[in-house]
Amino acid sequence: MTADLALIWPELILTIGGLVTLMLGTFLGDRQVGLYQLAALLTLGAAAVAVVALFGVNASVFSGTLAVDNFGGFAKLIIYGASAVSILVAPRFFTSGMRAEYPVLILFAALGMGIMAASRDLMTLYVGLELNSLAAYVLASFMRTDERSSEAGLKYFVLGALASGMLLYGISLLYGFSGTTNFSGIATAMGGQLNAGLIFGIVFVLAGLAFKISAVPFHMWTPDVYEGAPTPVTAFFASAPKVAALALMTRVVIDAMGPAAGAWQQIVIFLALASIILGAVGAIGQKNIKRLLAYSSINNVGFMLIGLAAGTPAGVQAVLTYLLVYVVTTVGAFLVVLQLRDADGNQIESIPALAGLSERRPGLAAAMAVFMYSLAGIPPLFGFWPKYLAFEAAVNAGLVPLAVAGIVASVIGAYYYIMIIKTMYFDDKSDVEITDGGNVVEGTIMTASALWLSVIGYLFIPMLGVASAAAAAVLF
Amino acid sequence: MSGFPILSLMLAVPVVGAIACLFAGDRNARLIALAATLVDLALGIMLWAQFDIGGAQWQFTERADLFGRFQWALGIDGLALMLIMLSVFLMPLCILASWDAIKQRVGLYMAMFLIMQTVMIGVFMAQDLLLFYIFFEAGLIPMYFIIGIWGGANRKYAAFKFFLYTLLGSVLMLIAMIAMIAEAGTTDIPTLMSYNFPVEMQTWLWLAFFASLAVKMPMWPVHTWLPDAHVQAPTAGSMILAGVLLKLGGYGFVRFMMPMFPDASAQLMWIVFALSMVAVVYTSLVALVQSDMKKLIAYSSVAHMAIVTAGLFAFNQQGIEGAMIVMLSHGVVSAALFFCVGVIYDRLHTREIDRYGGLAVNMPAYALFFMLFTMASIGLPGTSGFVGEFLSIAGIYEASSWVAFICTTGIILGAAYMLYLYRRIIFGELTKDDVKAMPDLNAREWAITAPLAAVALWMGVYPESFLAPMRGDVTAVVARLAPAKPAGDAHVSAGKPKAAAAEHGAAPAGDAPRAGGSQ
Numbered sequence: 031m032t033a034d035l036a037l038i039w040p041e042l043i044l045t046i047g048g049l050v051t052l053m054l055g056t057f058l059g060d061r062q063v064g065l066y067q068l069a070a071l072l073t074l075g076a077a078a079v080a081v082v083a084l085f086g087v088n089a090s091v092f093s094g095t096l097a098v099d100n101f102g103g104f105a106k107l108i109i110y111g112a113s114a115v116s117i118l119v120a121p122r123f124f125t126s127g128m129r130a131e132y133p134v135l136i137l138f139a140a141l142g143m144g145i146m147a148a149s150r151d152l153m154t155l156y157v158g159l160e161l162n163s164l165a166a167y168v169l170a171s172f173m174r175t176d177e178r179s180s181e182a183g184l185k186y187f188v189l190g191a192l193a194s195g196m197l198l199y200g201i202s203l204l205y206g207f208s209g210t211t212n213f214s215g216i217a218t219a220m221g222g223q224l225n226a227g228l229i230f231g232i233v234f235v236l237a238g239l240a241f242k243i244s245a246v247p248f249h250m251w252t253p254d255v256y257e258g259a260p261t262p263v264t265a266f267f268a269s270a271p272k273v274a275a276l277a278l279m280t281r282v283v284i285d286a287m288g289p290a291a292g293a294w295q296q297i298v299i300f301l302a303l304a305s306i307i308l309g310a311v312g313a314i315g316q317k318n319i320k321r322l323l324a325y326s327s328i329n330n331v332g333f334m335l336i337g338l339a340a341g342t343p344a345g346v347q348a349v350l351t352y353l354l355v356y357v358v359t360t361v362g363a364f365l366v367v368l369q370l371r372d373a374d375g376n377q378i379e380s381i382p383a384l385a386g387l388s389e390r391r392p393g394l395a396a397a398m399a400v401f402m403y404s405l406a407g408i409p410p411l412f413g414f415w416p417k418y419l420a421f422e423a424a425v426n427a428g429l430v431p432l433a434v435a436g437i438v439a440s441v442i443g444a445y446y447y448i449m450i451i452k453t454m455y456f457d458d459k460s461d462v463e464i465t466d467g468g469n470v471v472e473g474t475i476m477t478a479s480a481l482w483l484s485v486i487g488y489l490f491i492p493m494l495g496v497a498s499a500a501a502a503a504v505l506f
Numbered sequence: 446m447s448g449f450p451i452l453s454l455m456l457a458v459p460v461v462g463a464i465a466c467l468f469a470g471d472r473n474a475r476l477i478a479l480a481a482t483l484v485d486l487a488l489g490i491m492l493w494a495q496f497d498i499g500g501a502q503w504q505f506t507e508r509a510d511l512f513g514r515f516q517w518a519l520g521i522d523g524l525a526l527m528l529i530m531l532s533v534f535l536m537p538l539c540i541l542a543s544w545d546a547i548k549q550r551v552g553l554y555m556a557m558f559l560i561m562q563t564v565m566i567g568v569f570m571a572q573d574l575l576l577f578y579i580f581f582e583a584g585l586i587p588m589y590f591i592i593g594i595w596g597g598a599n600r601k602y603a604a605f606k607f608f609l610y611t612l613l614g615s616v617l618m619l620i621a622m623i624a625m626i627a628e629a630g631t632t633d634i635p636t637l638m639s640y641n642f643p644v645e646m647q648t649w650l651w652l653a654f655f656a657s658l659a660v661k662m663p664m665w666p667v668h669t670w671l672p673d674a675h676v677q678a679p680t681a682g683s684m685i686l687a688g689v690l691l692k693l694g695g696y697g698f699v700r701f702m703m704p705m706f707p708d709a710s711a712q713l714m715w716i717v718f719a720l721s722m723v724a725v726v727y728t729s730l731v732a733l734v735q736s737d738m739k740k741l742i743a744y745s746s747v748a749h750m751a752i753v754t755a756g757l758f759a760f761n762q763q764g765i766e767g768a769m770i771v772m773l774s775h776g777v778v779s780a781a782l783f784f785c786v787g788v789i790y791d792r793l794h795t796r797e798i799d800r801y802g803g804l805a806v807n808m809p810a811y812a813l814f815f816m817l818f819t820m821a822s823i824g825l826p827g828t829s830g831f832v833g834e835f836l837s838i839a840g841i842y843e844a845s846s847w848v849a850f851i852c853t854t855g856i857i858l859g860a861a862y863m864l865y866l867y868r869r870i871i872f873g874e875l876t877k878d879d880v881k882a883m884p885d886l887n888a889r890e891w892a893i894t895a896p897l898a899a900v901a902l903w904m905g906v907y908p909e910s911f912l913a914p915m916r917g918d919v920t921a922v923v924a925r926l927a928p929a930k931p932a933g934d935a936h937v938s939a940g941k942p943k944a945a946a947a948e949h950g951a952a953p954a955g956d957a958p959r960a961g962g963s964q
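Sequences listed follow chains Y and A, in order. Residue numbers 31 to 506, in our numbering, belong to the letters of the first sequence in order. Residue numbers 446 to 964, in our numbering, belong to the letters of the second sequence in order.
Same shape as in the complex, but just chain A:
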């Protein structure tokens, strides 16, 4: 690719914006933040446009020996590209979402969001183990401020819990990284991905990474920080937390644990499957009984992330691609759902589900968008959720039909709690006076929901746009795992195709037809 350091530029723009925000007035800070995030979005679109699908695995690489012991090494593959796109897409929407809601210390707030953006895309870009860790941990600081300063009534407790919980998980990963660097003699992530660690050592490293990533993910039973953090965080904070921060865990699984410790991953996959199965069923049931909208969506996030982990550990193309799509889809849809909660929270200042009802009458546009995102969360065909969940469960089925069976109940339970939520808020009699007085979406809110809805539908109708850049990288991970892969209990064999008379559009590469077939 060209020698222009576009990745460094994408990291620098928000930092410059953040510094400017600190010294600007309230109104200017909002504009600066929006401008900076839009510039990053534009750069991200350029990045996607120039990304050479099927080209080199690592593109746009940059390398500068700034730190002696480790390097300023950046570069992306398809998986990172998609997650970076998710971050830069959500960020301007988050800034817009907090346009009116945040009235105090706007400069600091915007600065924290911009720093958050640098840190998040830095995690996906880093090609050096220590650089990755620095970005990975650095996210704690802005999020601690965002929850603690602008959060709800119990914000201090939530901020502490978030910070200490995730820190405790991460530090063990650092020790594992030190051991890896000592063993392999390099901090370069692509090299480490093909390094064969001794099997005995892999188990320990795997467990240390698992301790960290499972908390970030979050997996049952270390998910309890998430509902607290979500409930207390401001709307935009929840959007970014659910939209991107939870994806750091999944990214860590597919970037580090699976390719670097394939044998340990195969040996210990039962842990992941067991925890995922518990999470799908348990957190879905917990979501069903919530009376707080944000908590309900937070628990649904845990359930969705469990499908991601199970899909990843299916060790096959569909499973991993599906898990990635679930992550992207969940990033868009849960951010949208949190925003929808934020819209009515801004009007009535309560998250109690019982306080609402009958919104379809006075907020028809809102009701429509909320329905779309509800359906996408459930996984209705045509929305992004369906593609991801179908693919991952198809992948899980090959690995273990029982796990697939239990994970599928999550979809049914998901429909239950989401539709129940929708019914209580949108349908019913419009009896309460203050609810009657709530106006429909304004222009700013339209500007946020419309792009989210468009992307959710795009991903549902033509997922190939998102799958194509990732396919090669997923194949590489699957190939890396192949020697260690257990047999699985479902031996799926392809049926005999009929005569290719009604072939609709030639599929590009070998494995593609299965992925395309889910549309």
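Extracted from the complex, chain Y is given alone in its bound form:
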């Protein structure tokens, strides 16, 4: 027991840090926001250090319910990084309404996501997922006075509860027909004859998880929630929870359902293709940049699922690399959106208002162009590389038709990405005056991610390859 505690330092640090920040907030009031922000960032930093220190450990703790391994570590580092960025960029957005709860909620969400990425048991899976979701529902409606924000929170909650219900139903079926909630036990049961109960369990669990990663056909909430939630929260939703949910899904299908590959592979292939195509087609008519990025996230999840469908170590590596590159790109894109304010300081979200941005704010437009080309996967930008890995994994696993369909559909996706670039570069200036602004922190993060996604990222391939290979290896 004590020995187990020594292996979950990241979770302990986050719990303690979150509670301390909460107490501070309760007693000191909302004025000391800078302090809470700092406390939360330190907590995330300490947790990240703990994760790095635990790299290479491969253990199951608390009777095999939680894994401490490289796979979880890889995912946690991305999650903590994305969480830290969404804390960093918040104060400027919530000029008046920043409250102590914001960093606290992010910390608890990060804790829940860490547990999701590390769970090896259906119960810990559910606990982690709900911890994250509860924090997320509150975050979505964080701007209490804003109608759209409240609406987003409510929608997210209702549909999220529905998904949790489906997931729980699937979990109960898996438990009922395999007699255990432990992943390795389930895997043993799946190794034998697959009966209808187990198959239904697989379907429902995957449907519940598909909701969390917003894969088509469980994606309907995404555009509305992304549009309504405050922009820093949207940046958070689009990055960290995606990592956690995809890591969780990977672990579930490889670790728990590995022997029943035939059963889940079809589902994942369907989710992948449907997400790529619908994510691309749905984005075309969008006039709101946050909605567009929501469809872009649906589209990109589809490509990650192509890697997952392969079900090989190379496929898992592709998923992990994709997650990292996707998070950097998406966070960068949302940072650009955060910079867009008109003369009165109101946020600009409409795409036509971006017309002529390249002449008003050339740096900002260039960064956005990098993010868009990268999301589209056009070389030489680094967004190409994870797409390549996913397609390679699929082709080598014999799923050539899937790869061909996916890559052809990616051209549809390219259309709306280059549409944004067209608006920024080719169109005449819009009437909306976009003011200069932004602070050093945001500018630095944005510049760094844009530079990394330009050709520089390729130099990191060997490093990423080693790290993701070490992470993927523990699942097989």
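Be careful, since some hints might not be right.
Pairs of lysine-lysine residues, derived as DSS-like cross-links and limited to a Cα-Cα distance of at most 27 Å, are as follows [as the list claims (entries may be wrong)]: (1) Y:K459 x A:K606; (2) Y:K452 x A:K601; (3) A:K548 x Y:K459.
For the record, the hints were derived by calculation from the structure and aren't laboratory data.
Place chain A on chain Y using the hints.
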């Protein structure tokens, strides 16, 4: 060769220049861009001077394991050398051509051109399959900007069409590359060129590559992006598009499809021949009825490229050498023709042929150069066009006399549409007042047309300079294709030579006399 990484340097110079251009003022950006492209030209000339003809197949090789899964592997053979020379030669001229024409966002414009240059020569230098693909696709980004920002009235549509059309073609090639890497276990292009893929697999790979390269080439019926892109692009954009970008397709054929999939190439050569024959006749006829100068030249490009594809798939020395010369010649001549259009477009701001007429009176120097390039495009002996077209059609004739017959009509039709164009613009009565007011070439325009004319004549009079570096590589491709090569319907046998009394100059290597004989 020496260990100095000259190829990496050639790639780095434009990138550095591009970054500098972004931060420099308008005037400085022009100077920086010109300087960077001239440095690259100088490096290119050094490269050519040091290239060891008849030496190792791959020279100036560089290899750095930077990316783990694939490598920074560069190296050139004769085919790549010639295409690199074409790129570095055209680039300073393009910068000069846009010296006055581009007035808005000059820094960004010059940066895009410099990036374009890196990407283009990178394609020809890459010795790693993935590196090649990255360079190959990367060209879309600067070209999208060049057409979309500085293009004509309908530029946005043209930019989209260009981007999506070529992207759709390329992605299938990527899947084929993944399959090749999995099968052969390497990304090294020279190794892949001698790897024997299973015949069944070759067919699929060939079709995937064909989908991509046929769009880039462009071959009928996927050529429709080209006229749009050309018409809307700024003058220098058209020059580089016609001059170098279209050559990526032909380079891909001779570097990848033919040596890597010889059996599939032989089985499916009928597709190439059929599409080429249609293209030669159809696009020539379409060119004949154009009222827009740029569109006319764009369609003539498609027709010329069809002779290239047919020549390449003749599978013999003359055919492939001829196709390469057509590519080089077309690179110079079509860039020159687009520039000639640009010269009068800058003065009158219209591309309508009917708006001009009688330019021979007030622009005699222009009329002279335009005539030279028109003749070179038609393929008049003494110009570059003749050498290439004659050689490729001689090669095609050996493979199939019918294909040769139909491709030859392209030359006649080419003469028709080019001379008709020339007559309408240069000859006739000088009646329109605004046309009368147009001044002749200025010093900058002389500086662009004179080198283009010199090279077109050089290639026409002494093509051996250009053929010699490529000969060994073409022989290697022909040898690789030999086992799969179909018999062909024309069995040409060499005639008995007369007593070698009047031998003019000893020819260097075995096959050479035939190539030399076309002069």
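| When you check the alpha-carbon spacing of K459 (chain Y) and K606 (chain A), does it fall within 27 Å? | Given that 27 Å is the threshold and the Cα spacing comes to 23 Å, the pair holds.
| query | Does the alpha-carbon distance linking K452 (chain Y) and K601 (chain A) stay inside the 27 Å limit? | reply | Judged against 27 Å, a Cα distance of about 7 Å means the pair holds.
| field | 27 Å limit on alpha-carbon distance, applied to hinted pair K548 (chain A) and K459 (chain Y) | value | holds, 17 Å
Taken one by one, the earlier hints all hold for this structure without exception.
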